[in-house]
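**Student:** Since the structure of chain P is already known, use the hints to place chains B, V and X on it.
Residues per chain, in single letters:
There are 4 protein chains.
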Amino acid sequence: MNESPKILINCDMGESYGPFKVGNDEALMPLIDACNIACGFHAGDPWHMEKTIDLALEHKVLIGAHPGYPDLQGFGRRPMHIPAKELSAIIKYQIAALKGMLESKGGNLHHVKPHGALYNAMANDIALAKTVIEAIHAIDSTLPLMGLAGSCLQQYAESHQVPFIPEAFADRYYEPHGMLRSRTLANAVIVDPEKATQQVIQIAYQQHVSTYEGPLIPLAAQSFCIHGDNPSAVNMLDVLRNVLNDHSLLTQYILNED
Amino acid sequence: MNESPKILINCDMGESYGPFKVGNDEALMPLIDACNIACGFHAGDPWHMEKTIDLALEHKVLIGAHPGYPDLQGFGRRPMHIPAKELSAIIKYQIAALKGMLESKGGNLHHVKPHGALYNAMANDIALAKTVIEAIHAIDSTLPLMGLAGSCLQQYAESHQVPFIPEAFADRYYEPHGMLRSRTLANAVIVDPEKATQQVIQIAYQQHVSTYEGPLIPLAAQSFCIHGDNPSAVNMLDVLRNVLNDHSLLTQYILNED
Amino acid sequence: MNESPKILINCDMGESYGPFKVGNDEALMPLIDACNIACGFHAGDPWHMEKTIDLALEHKVLIGAHPGYPDLQGFGRRPMHIPAKELSAIIKYQIAALKGMLESKGGNLHHVKPHGALYNAMANDIALAKTVIEAIHAIDSTLPLMGLAGSCLQQYAESHQVPFIPEAFADRYYEPHGMLRSRTLANAVIVDPEKATQQVIQIAYQQHVSTYEGPLIPLAAQSFCIHGDNPSAVNMLDVLRNVLNDHSLLTQYILNED
Amino acid sequence: MNESPKILINCDMGESYGPFKVGNDEALMPLIDACNIACGFHAGDPWHMEKTIDLALEHKVLIGAHPGYPDLQGFGRRPMHIPAKELSAIIKYQIAALKGMLESKGGNLHHVKPHGALYNAMANDIALAKTVIEAIHAIDSTLPLMGLAGSCLQQYAESHQVPFIPEAFADRYYEPHGMLRSRTLANAVIVDPEKATQQVIQIAYQQHVSTYEGPLIPLAAQSFCIHGDNPSAVNMLDVLRNVLNDHSLLTQYILNED
Numbered sequence: 056m057n058e059s060p061k062i063l064i065n066c067d068m069g070e071s072y073g074p075f076k077v078g079n080d081e082a083l084m085p086l087i088d089a090c091n092i093a094c095g096f097h098a099g100d101p102w103h104m105e106k107t108i109d110l111a112l113e114h115k116v117l118i119g120a121h122p123g124y125p126d127l128q129g130f131g132r133r134p135m136h137i138p139a140k141e142l143s144a145i146i147k148y149q150i151a152a153l154k155g156m157l158e159s160k161g162g163n164l165h166h167v168k169p170h171g172a173l174y175n176a177m178a179n180d181i182a183l184a185k186t187v188i189e190a191i192h193a194i195d196s197t198l199p200l201m202g203l204a205g206s207c208l209q210q211y212a213e214s215h216q217v218p219f220i221p222e223a224f225a226d227r228y229y230e231p232h233g234m235l236r237s238r239t240l241a242n243a244v245i246v247d248p249e250k251a252t253q254q255v256i257q258i259a260y261q262q263h264v265s266t267y268e269g270p271l272i273p274l275a276a277q278s279f280c281i282h283g284d285n286p287s288a289v290n291m292l293d294v295l296r297n298v299l300n301d302h303s304l305l306t307q308y309i310l311n312e313d
Numbered sequence: 056m057n058e059s060p061k062i063l064i065n066c067d068m069g070e071s072y073g074p075f076k077v078g079n080d081e082a083l084m085p086l087i088d089a090c091n092i093a094c095g096f097h098a099g100d101p102w103h104m105e106k107t108i109d110l111a112l113e114h115k116v117l118i119g120a121h122p123g124y125p126d127l128q129g130f131g132r133r134p135m136h137i138p139a140k141e142l143s144a145i146i147k148y149q150i151a152a153l154k155g156m157l158e159s160k161g162g163n164l165h166h167v168k169p170h171g172a173l174y175n176a177m178a179n180d181i182a183l184a185k186t187v188i189e190a191i192h193a194i195d196s197t198l199p200l201m202g203l204a205g206s207c208l209q210q211y212a213e214s215h216q217v218p219f220i221p222e223a224f225a226d227r228y229y230e231p232h233g234m235l236r237s238r239t240l241a242n243a244v245i246v247d248p249e250k251a252t253q254q255v256i257q258i259a260y261q262q263h264v265s266t267y268e269g270p271l272i273p274l275a276a277q278s279f280c281i282h283g284d285n286p287s288a289v290n291m292l293d294v295l296r297n298v299l300n301d302h303s304l305l306t307q308y309i310l311n312e313d
Numbered sequence: 056m057n058e059s060p061k062i063l064i065n066c067d068m069g070e071s072y073g074p075f076k077v078g079n080d081e082a083l084m085p086l087i088d089a090c091n092i093a094c095g096f097h098a099g100d101p102w103h104m105e106k107t108i109d110l111a112l113e114h115k116v117l118i119g120a121h122p123g124y125p126d127l128q129g130f131g132r133r134p135m136h137i138p139a140k141e142l143s144a145i146i147k148y149q150i151a152a153l154k155g156m157l158e159s160k161g162g163n164l165h166h167v168k169p170h171g172a173l174y175n176a177m178a179n180d181i182a183l184a185k186t187v188i189e190a191i192h193a194i195d196s197t198l199p200l201m202g203l204a205g206s207c208l209q210q211y212a213e214s215h216q217v218p219f220i221p222e223a224f225a226d227r228y229y230e231p232h233g234m235l236r237s238r239t240l241a242n243a244v245i246v247d248p249e250k251a252t253q254q255v256i257q258i259a260y261q262q263h264v265s266t267y268e269g270p271l272i273p274l275a276a277q278s279f280c281i282h283g284d285n286p287s288a289v290n291m292l293d294v295l296r297n298v299l300n301d302h303s304l305l306t307q308y309i310l311n312e313d
Numbered sequence: 056m057n058e059s060p061k062i063l064i065n066c067d068m069g070e071s072y073g074p075f076k077v078g079n080d081e082a083l084m085p086l087i088d089a090c091n092i093a094c095g096f097h098a099g100d101p102w103h104m105e106k107t108i109d110l111a112l113e114h115k116v117l118i119g120a121h122p123g124y125p126d127l128q129g130f131g132r133r134p135m136h137i138p139a140k141e142l143s144a145i146i147k148y149q150i151a152a153l154k155g156m157l158e159s160k161g162g163n164l165h166h167v168k169p170h171g172a173l174y175n176a177m178a179n180d181i182a183l184a185k186t187v188i189e190a191i192h193a194i195d196s197t198l199p200l201m202g203l204a205g206s207c208l209q210q211y212a213e214s215h216q217v218p219f220i221p222e223a224f225a226d227r228y229y230e231p232h233g234m235l236r237s238r239t240l241a242n243a244v245i246v247d248p249e250k251a252t253q254q255v256i257q258i259a260y261q262q263h264v265s266t267y268e269g270p271l272i273p274l275a276a277q278s279f280c281i282h283g284d285n286p287s288a289v290n291m292l293d294v295l296r297n298v299l300n301d302h303s304l305l306t307q308y309i310l311n312e313d
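Residue numbers (the numbering used here), protein chains in the order written: chain P, 56 to 313; chain B, 56 to 313; chain V, 56 to 313; chain X, 56 to 313.
Just so you know, these hints were derived from the structure itself, not from any lab.
One thing to keep in mind: the hints can contain errors.
[Unchecked claim] Computed cross-link-like contacts, DSSO-like style, restricted to lysine-lysine with a CA-CA straight-line distance of at most 30 Å:
(1) V:Lys61 with V:Lys250
(2) B:Lys185 with B:Lys61
(3) B:Lys160 with B:Lys76
(4) P:Lys115 with B:Lys140
(5) B:Lys185 with P:Lys76
(6) P:Lys250 with P:Lys61
(7) X:Lys76 with X:Lys160
(8) B:Lys106 with P:Lys185
(9) V:Lys106 with V:Lys76
(10) X:Lys250 with B:Lys76
(11) B:Lys250 with B:Lys61
(12) V:Lys185 with X:Lys76
(13) P:Lys140 with P:Lys115
(14) X:Lys76 with P:Lys140
(15) B:Lys160 with P:Lys140
(16) X:Lys160 with V:Lys160
(17) X:Lys106 with V:Lys140
(18) B:Lys76 with B:Lys250
(19) V:Lys185 with V:Lys76
(20) X:Lys76 with V:Lys160
(21) V:Lys76 with X:Lys140
(22) B:Lys185 with P:Lys160
(23) B:Lys160 with P:Lys160
(24) P:Lys76 with V:Lys106
(25) X:Lys115 with X:Lys250
(26) B:Lys140 with P:Lys76
(27) X:Lys140 with X:Lys185
(28) P:Lys250 with P:Lys115
[Claimed, not checked] Now the in silico label distances, taken between C-beta atoms and shown as ranges:
(29) P:Ala243 with X:Cys207: 30 to 36 Å
(30) B:Asp109 with P:Glu230: 40 to 46 Å
(31) V:Ala82 with P:Pro85: 29 to 35 Å
(32) V:Lys250 with P:Ala243: 41 to 47 Å
(33) B:Asp109 with X:Met234: 31 to 37 Å
Since the model is a prediction, treat every value here as computed from it, not as a measurement.
Positions of the beta carbon are idealized from the N, C-alpha and C atoms, including for glycine.
Chain P extracted, bound-state conformation:
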C-alpha cells in the first residue's frame, strides 16, 4: 500500500459575485487540502477572490487558479469558441490576477484548474489544451495543470512532460466510457457521504472505479474534487477525512514546505 499516492481533496471556491453568494466556503475550507479560486470571468470578483485567498492561507490550504470562459451569465458552463490567441490572453490574465493578489499576501500559487466548459473541452481537444498549457507556462512554466484523470489530456500531458495533477470526482457517478454521468440525467451526483468515500478509496487503492450500472474501469487520480454546492459537502468531507486518516492517505501539506 506504500505505493498509493497521497490524496489531495479539492473544492472550487470564491465563486460569489458581488451580492450573489455561491457555496459555503467558510465551512468547507477547514476540511480540504486544495482550493481552486475563481478569477472573475465565469464567477468571482476581486473582493471575493481576496477574501477566499485570506481564508485559504489561514487554513493552510493549497491555492490553485480556476480560470474560466468570459461568461458570467452562463457561469462558464456554456461551450464557447474563442480564437486561440484571445483564449491564451484570457487565461494569462486570470492566472496573473490571482497569482499577484496571492503573492501580495505572501502565498504561492500551487496549480491551475480550468473551469466548467473549458475543463471539459480540454479533456478531449488537445489543440485547445495546448493553447491553455502554453498560457499557463507563459506565467510560470512549473505550474501544474489539474485536469480530468484518464482523459486524452492526461495522456498528452504525461507524454510531453507537462506537470499534471489527474483529478477524479468523489461525488459524481462515472459512465462506462470514463466520463462523468451527465447532470442532465438522474443519478449524476452522489449525495451519500459513505458512497462518495467508498469511491475515493476504490480509486486510490485499486486505481479503478465502479461505473453507473456498468463494469469496473481503470481510473487513477491524485486529487479528488467535491463540489461545494453538493448539499452533503460538509458531511461528506467529514466522513472522507476520517476514513482517509485511518488509511494514512491524507496529504498533510504545509504551505511553507511546499
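**Tutor:** For chains B, V and X alone, kept in the frame of chain P given last:
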C-alpha cells in the same frame, strides 16, 4: 537649465475592447516615452492588453498599469462610490493582471496611473487616494503612482514618501484654480500642436502654466499626457518631440537600464 | 376605519442571475400582492425574468418593473452619476423589456419601482426623479411610480399629478428624520414578525411610525415592502397577512379587474 | 421585369457601446431602406439604441431588431451553446426592449434579424431556428424574420408559413455551395462599388449569383445587406441607389403607409 527635469511623454493605451476599437496605438507608440495600459475594467480586454504590451516592449516604451472603475459602459468616467475594501481588491486585481502578463514577456511594470473618474476623485479625496495607494503598494511597494500635478494628492504623496510622478496635460487648457477646463465647455482641448508644445515647454522650464483667459499659475510636472483620441495626437507628438529634442529635454529611457 | 387605505404588500423578485440564486421567490410569491421584477441591469437575467413573470401570473400577483443602475457587481446599490439622457434610455430599455415579455404572456405592467441606489437618490433629488418619471411616462404615461413614502419625491409627484404609490418598509427601522436606519448600523433590520406587523398596522391606521430610539413621526403609505432576503420573510408574511385579514386591510387584487 | 421584387437595402446599426464607436450611422442612414438595431447584448447600449431609433425615424428607414448572443467581448460572433429556454428569453427580452423604446417614439417594429453567430447557426440548425422563431412570435406573431437567402432556414420558413425576408449580401463573395466566402480567406469582402452593385442587380434580375472562382448559382433575395464597416459603404450605397433608381427597383417605403 540643468535643473529642468527630463520629460516623460505618456499616452493612455490598450483601450480597445473586443471588436470595439479605441485610439491609434500603432501610430502613437513610437512617439512616446510611457504608456498606461487599460486593465479590463473600464476598457481593454486581455487580448488587447497583450498586443499593447508587445507593442510597448517593441518600442521600448515604459509601461504603467491604468486601472479604472468596473464600468465598461461608462468607460470609467462616471463617478462611483465603492466601499474601500472592494475598491482595494479591484485595484490589486487589475495591477496584478497586467503586471503578470507583462512579466511573462520579460518586461517590468513602471508605474500605476488610475483612470478617469477614479483619477479625478483621487486628486482631492485623500481617504480614497490612501486606499488606492495601499493597494498599489500591496502589489509592489516601490511602484510610483502617477497623478495630477499640483493636486492635494501630490502634496499628500510628497509628505508621506509615496513615490509619485506629477502629471500635466499637454493638450488641455487649465483654469485659474489649477484644474483642467471641463470638457463640457468650449475650448477645453488644445488641438494646435504648436500651442500644446508651448504649454509643455512653459511648464517644464518655468514651472508655470497660462490659464484660460486667466493669469499664469505655478505648475510643475514630470510627465505630460497627450490624449490618444486628440485628432492632432500624431502631429502634436511629432512637433513636441522635435522641440524637446532641441532642448535636450527628452527622456531617453532604455528599458534594461530602468 | 373605512378611510384606511387598502394595503399592498410587495417584494423585490427575480434577482437571480444565471446560476447565482437570490431570494426565495417560490415561497414568497403566494404571500404577496405585488412584486417588483429586476430587469437585467442590477440583477436578473431574461430567463429568470420570464420565470418570475410566470410565477407572478400564476399567483395573480401585481407586477412592477424594478429597473436599476447598470452595475451587476454592485447590485445597483452603489451610487452612480449617469448623464440624464443616458439614464433616461437605461430606464426605458429596462421597462420596455419587462413590459414586452409580460404582455407576451397576457399580463399587464402595474407600476415601476426603481431599485437600490437609484431609488434612494430619487427620494431627495428631484432633477434625477424627473428624468426617471419622464422615461417611465414615455413608455406609458399612466404607469404609477412606487417610491419612498414621506419623501420630497412624494411631494413632487403629488403636486405634479404624477401617479405615485408611497411605499413604507415593514422590516426596517426608521430614524427620526424619516429615513431608513442605515444598514451599516446595528438594528437596521427588523426580523421579529410581530414587530414588523405592528409597524405596518401603526403606519396603516395611525399614519405614524415609531422611530429608532426617537419619537413617533408622521408616515402614510399604500404599499409595504418586505425584503426577500430577510431571514424571517416567509414567517413575517404569514403573521402579517393573518393580522391584516382580521383588520380587513388586505387588498384583494384580481388581475383581470385591475 | 415586372415580376422582379422591390429591393430593400439594409445595414446593421446602433452597434456603438458607451464611448466605443462602431460604424458611421449618420452617413449611412439617409442611403438605406431598413436598419437592424443592436439590442444591447452583442453591442449597443440603451442610449445608442435611442439615438439610432431617432435617426431612423427621421430618415423614414424601416427598423428591425438585431438581437444577438450575450457576448459583448466577442461581439456576438463567437458560437455559443445556450439552452433553448434561456435563448428564448434572451431573444424576447432584446426584441421587447427595442420594440418598446421604438413605440414610445411612435414607430413600429418591422422585422427581426438575428446577429452574427446566431444568424449563421440558424441558417442550418432548424431546431435552434424554431426556438428563435417562437420567441419572435411570442412578442408579435406577424413580425417577419430576416435570414440567409437560400438557406435551410428559408425552406423551413416558407413551408411553415413563417413570415420571412430572404437576405443576400451586396459586399461579400459567395462560394459555390451558396455560403458566404469566409472572412478568414482573402477576397471575402467586395469593396468595389461597381462590383457590389453588379452583384445586387444580378441577384435581383436573374435570381442567380456568380460565385468566387466558381459557377453561377441560384439565389433569390428581397433584402440586401451592406456592412456599415465596409470602407466603401457610403460610396457603394451611392452607386447602388443610382443604378437601382434607373431600374425602378428601389423600394420607396414610407413608414406611415407600411
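**Student:** Straight-line Cα separation of lysine 250 (chain P) and lysine 61 (chain P) no greater than 30 Å?
**Tutor:** holds (20 Å)
**Student:** Lysine 160 (chain X) and lysine 160 (chain V) were given as a pair; does the straight-line alpha-carbon distance stay at or below 30 Å?
**Tutor:** holds (24 Å)
**Student:** Lysine 106 (chain B) and lysine 185 (chain P) were given as a pair; does the straight-line alpha-carbon distance stay at or below 30 Å?
**Tutor:** holds (20 Å)
**Student:** Would you mind confirming whether the straight-line C-alpha gap from lysine 76 (chain X) to lysine 140 (chain P) stays at or under 30 Å?
**Tutor:** holds (24 Å)
**Student:** Please work out if lysine 250 (chain B) and lysine 61 (chain B) have their alpha carbons no farther apart than 30 Å.
**Tutor:** Roughly 20 Å between the alpha carbons, so the hint for lysine 250 (chain B) and lysine 61 (chain B) holds.
**Student:** CB of alanine 243 (chain P) to CB of cysteine 207 (chain X), is that within 30 to 36 Å?
**Tutor:** holds (34 Å)
**Student:** Between the alpha carbons of lysine 76 (chain V) and lysine 140 (chain X), is the straight-line distance 30 Å or under?
**Tutor:** holds (18 Å)
**Student:** Please verify whether lysine 115 (chain P) and lysine 140 (chain B) have alpha carbons no more than 30 Å apart.
**Tutor:** Given pair lysine 115 (chain P), lysine 140 (chain B) holds - Cα atoms ~23 Å apart, limit 30 Å.
**Student:** Are lysine 185 (chain B) and lysine 76 (chain P) close enough, with their CA atoms no more than 30 Å apart?
**Tutor:** holds (29 Å)
**Student:** Need the status of pair lysine 76 (chain P), lysine 106 (chain V): alpha-carbon distance at most 30 Å?
**Tutor:** Roughly 20 Å between the alpha carbons, so the hint for lysine 76 (chain P) and lysine 106 (chain V) holds.
**Student:** Against the 30 Å threshold, does the CA-CA distance of lysine 250 (chain P) and lysine 115 (chain P) hold or violate the hint?
**Tutor:** holds (28 Å)
**Student:** Need the status of pair lysine 185 (chain V), lysine 76 (chain X): alpha-carbon distance at most 30 Å?
**Tutor:** holds (29 Å)
Hints 13, 19, 20 from the list above are not met by this structure, while the remaining hints are.
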